[in-house]
Amino acid sequence: MGQKENRLLSQLTRGEKGKISHFTDSLMSLKLMEMGCIPGDFVEVQRIAPLGDPIAIHVSGYTLSLRKDEASTIVVTEK
Amino acid sequence: MSDFPDHNAGTATGASDTKKAKGATKQIRIALVGNPNSGKSSLFNALTGLNQKIANFPGVTVEKKSGFTTLIDSQGQHIKAEIIDLPGTYSLYPKSLDEQVPFRVLCDPDYMAAPDLVVVIADSTNLKRNLFLCSQIMDLKTPVVLALNMMDLIEVKGIKIDIERLAARLGIPIVPINARKGTGIAGLKSAMADFKFVDRPDFIDVRAFSPALIDGIRAMIDCHSDYAAFQAANNLHLIHYFQKRPEKAHQIETLVSTLDFDPFKAQASESLQRYEVITTIIKECQVGDSSKRTFSDRLDKILTHRIYGYAIFLSILFIVFQAIFSWATYPMYFIEGMFVDLSNATSALLPQGILNDLIVNGILAGLGGIVIFVPQIALLFFFIGILEDTGYMARVSFIMDKLMRKVGLNGKSVIPLIGGVACAVPSIMATRSIHGWKDRMITIMVIPLMSCSARLPVYALIISLVIPSTAILGIINLQGLVLMAMYLLGFVAALMAAWVMKKLIKGRERGYYIMEMPVYHAPRWSNIAIDIFDKVKVFLFDAGKVIIAISIILWALSSYGPTERMDAIDLKYNKLATSAAINSDSLQVARQADLLENSYAGIMGHWMEPAIRPLGYDWKIGIALLTSFAAREVFVGTMSTIYSANAESEDTQSVRAKLSAEINPQTGQKRYTAAVGISLMLFYAFAMQCMSTVAVVKRETRSWKWPLIQIAYLSVLAYISAFAAYNLLS
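Those protein sequences? They're chains A and B, same order as listed. Counting from 5, one number per residue, gives the positions in the first sequence under this note's numbering. Counting from -10, one number per residue, gives the positions in the second sequence under this note's numbering.
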């Protein structure tokens, strides 16, 4: 898995890391950015809720939880 | 208008310059701003103590907490400072109703009480995200003092912050504090007293985005910075100043479109550039990063586990439920007894008459009905305080969100909803922790459907009357089964109503779930105590007013009637008393029943009989439905008065015997058949028969619109289901 591949944050499994590439929803991106999700930063999926949604990610030095549909607006490249 | 005539917002005048001009104590206004979970409420409590008042921010349904503290500057001058606690926010761009408040206070020229100084509190374990907001406020050219909180935690994480360097780099005073322990507060207070505005270059040059736009807006309104003009262009519709001056708003709109300015793009570039600058600053002033979260991580593994997580949550719910359902009864009995004693004493002390009756049966009864809720409110908020403050509530949302979202609720709706099984009043107050406006409204609207403890005496009486105590499968008691079915029915109805409202209520804002999972920490008992105190105070004084008013109306309706009817009753019983050798006690009981039947409430009962006959009720039940509005359990008391049950002992036995013997003149059968009983129980399950709930919904939604909608939909639901049950079963 050497090549860089674009994926949505919502597709990452637990423990997977990625680098934020860009956002697909401009309104959501403003909220995500003020919460510390900046393109170029690394994110790691820390936990997935027992029912599969929402998820908790490690970003910008803290844990952020978001729903899968929100996470699917973040495009990440694999590390 | 401003409370302070000498207030000069936003100017470069520092506290030490103006105070020499006046001999009297200077007054300033200070806003407290910070991210959620940054320790803002701890700091607010540490600064103001119990010296707080709760009001409303003008124009929005957001609670405004403010308080006073005295500051002493370096020259020994005393300054009276009003501290305003603004709702937590991550940036100046409002995403929710709560976040509109900091924006309006800081950016709206129409907001008259603009602060002289902003104290930004930042979580030092996450400097980057916290400085984002701080830098936005600094770019507004407002004087800022930065309080760096949780400095003890960064040591554990192996981070070092060079505070002097950071202060020099940002150009503002920085004070390290520990809001939990209250350390550093004295240093912060002197920094607040000696604040002055020092101009520094903007973090980012927003003028570069569109010089013509920024210059155009600055020429049009009196704002102190390019950034304020930029914010005005981006959030035009939220600024009251422009709502009142549509011609100016229109000018700016034209400017925005002719210059082809894209607010979304501008905001996005602003955020990116801002983070770039902040990252550079942090690199210079901080060593190490805050990626270690071992303790919270390990705890999360258990608390959000697919089995243990739910098991632990259920156990916590069970304890909370136990507490408000059964532990609260002891102080409630005590309060009840106290009011009985007080009523008896007052009744004996004052001469008999209208005044006596009004005070005892109108006002004292209403007061007793309010104070009785205090133990449940205090207990529920004690537990919710712990759950919120430790950070556990965010995990409840995390594990419950998907389930609750299906019916239009949210992970945080669970606790208020379950609390509704004990009492709707504290539970509706507890919905404040739900952030989305729509989610919160839906939760408030459906909570009264949960079977609260006041329905229990009503269910108990009716079940014992119409449901045989037979055993099913040898062990299950039918009466118990029906009682359980009533509780389940309430729960299912609440979920279904929520689902319907999800479709009907339009969201005012885009709902986000995106939420910080705070690090776990021990609860701050003083914060929880202050919160309980606030909630009880708000309930007693705000909801209390409505409850007393309704109580007096209900008292008047059931104690007064047309004079000729009342005189006729007096005459009849006076004659009876003198003539025959009838037991005076039973005479008194019969007289009370006659008085109630001929009171205005009784007349209304008769008058509404045609409307409730299809449900299987007569005018007697009609009266009970009316008086039950004081509280559902009043049903039992009213029935015992109407049926002249022994008023001395309002025990269920005596009422039940009377009800059981009642014959329906039309059918010649028993009045209380299974059909009538079930119809009545369904009516009590759904109808909004609780003035305290109405009052508290009005208080929490800050309008009569929502409680009225709620009364309407619950009444329709109650009527239709009672009607269907009666007609299907009889």
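The hints are simulated quantities; they were obtained by calculation from the structure and are not laboratory data. One thing to keep in mind: the hints can contain errors.
Unchecked claim - Computed cross-link-like contacts, DSBU-like style, restricted to lysine-lysine with a CA-CA straight-line distance of at most 35 angstroms:
| id | chain 1 | residue 1 | chain 2 | residue 2 |
| --- | --- | --- | --- | --- |
| 1 | B | 53 | A | 72 |
| 2 | B | 54 | B | 149 |
| 3 | A | 21 | B | 254 |
| 4 | B | 146 | A | 72 |
| 5 | B | 290 | A | 21 |
| 6 | A | 72 | B | 254 |
| 7 | B | 53 | A | 23 |
| 8 | B | 427 | A | 72 |
| 9 | A | 72 | B | 492 |
| 10 | B | 391 | A | 72 |
| 11 | B | 254 | A | 23 |
| 12 | B | 54 | A | 23 |
| 13 | A | 72 | B | 130 |
| 14 | A | 23 | B | 146 |
| 15 | B | 130 | A | 21 |
| 16 | B | 130 | B | 290 |
| 17 | B | 272 | A | 21 |
| 18 | A | 72 | B | 233 |
| 19 | A | 21 | B | 54 |
Review point. Is it true that the CA of residue 130(B) sits at most 35 angstroms from the CA of residue 21(A)?
Key: violated (39 angstroms)
Check your understanding: Holds or violated: are the alpha carbons of residue 72(A) and residue 254(B) at most 35 angstroms from each other?
Key -> Satisfied, since the Cα-Cα distance of roughly 24 angstroms is no more than 35 angstroms.
Check your understanding: Are the Cα positions of residue 53(B) and residue 72(A) separated by 35 angstroms at most?
Key -> Between residue 53(B) and residue 72(A) the Cα gap is close to 34 angstroms, so the pair holds against 35 angstroms.
Check your understanding: Between residue 72(A) and residue 492(B), is the straight-line Cα distance small enough, at 35 angstroms or below?
Key -> holds (21 angstroms)
Exercise for review: Decide if the proposed pair is consistent with the structure: residue 290(B) and residue 21(A), CA atoms, cutoff 35 angstroms inclusive.
Suggested key: Status holds; Cα separation ~19 angstroms.
**Study point:** Satisfaction of hint between residue 149(B) and residue 54(B), Cα-Cα up to 35 angstroms
**Key:** holds (34 angstroms)
Point to revise | Hint consistency between residue 53(B) and residue 23(A) [alpha-carbon to alpha-carbon, up to 35 angstroms] | key: At roughly 40 angstroms apart (the allowed maximum being 35 angstroms), residue 23(A) and residue 53(B) break the hint.
Practice item. Compare the distance between the alpha carbons of residue 72(A) and residue 130(B) with 35 angstroms, and conclude whether the hinted pair is satisfied. Key: violated (39 angstroms)
Check your understanding: Is residue 72(A) within 35 angstroms of residue 233(B), Cα to Cα?
Key -> violated (41 angstroms)
Review point. Under the criterion that the straight-line Cα-Cα distance not exceed 35 angstroms, is the pair residue 427(B), residue 72(A) satisfied?
Key: holds (20 angstroms)
**Study point:** Proposed proximity, residue 72(A) with residue 391(B) (alpha carbon, max 35 angstroms)
**Key:** It holds: about 10 angstroms lies between the C-alpha atoms, which stays within 35 angstroms.
Point to revise | Given pair status - residue 146(B), residue 23(A), alpha carbons within 35 angstroms | key: holds (24 angstroms)
Hint compliance for this structure: hints 7, 12, 13, 15, 16, 18, 19 are broken, all remaining hints hold.
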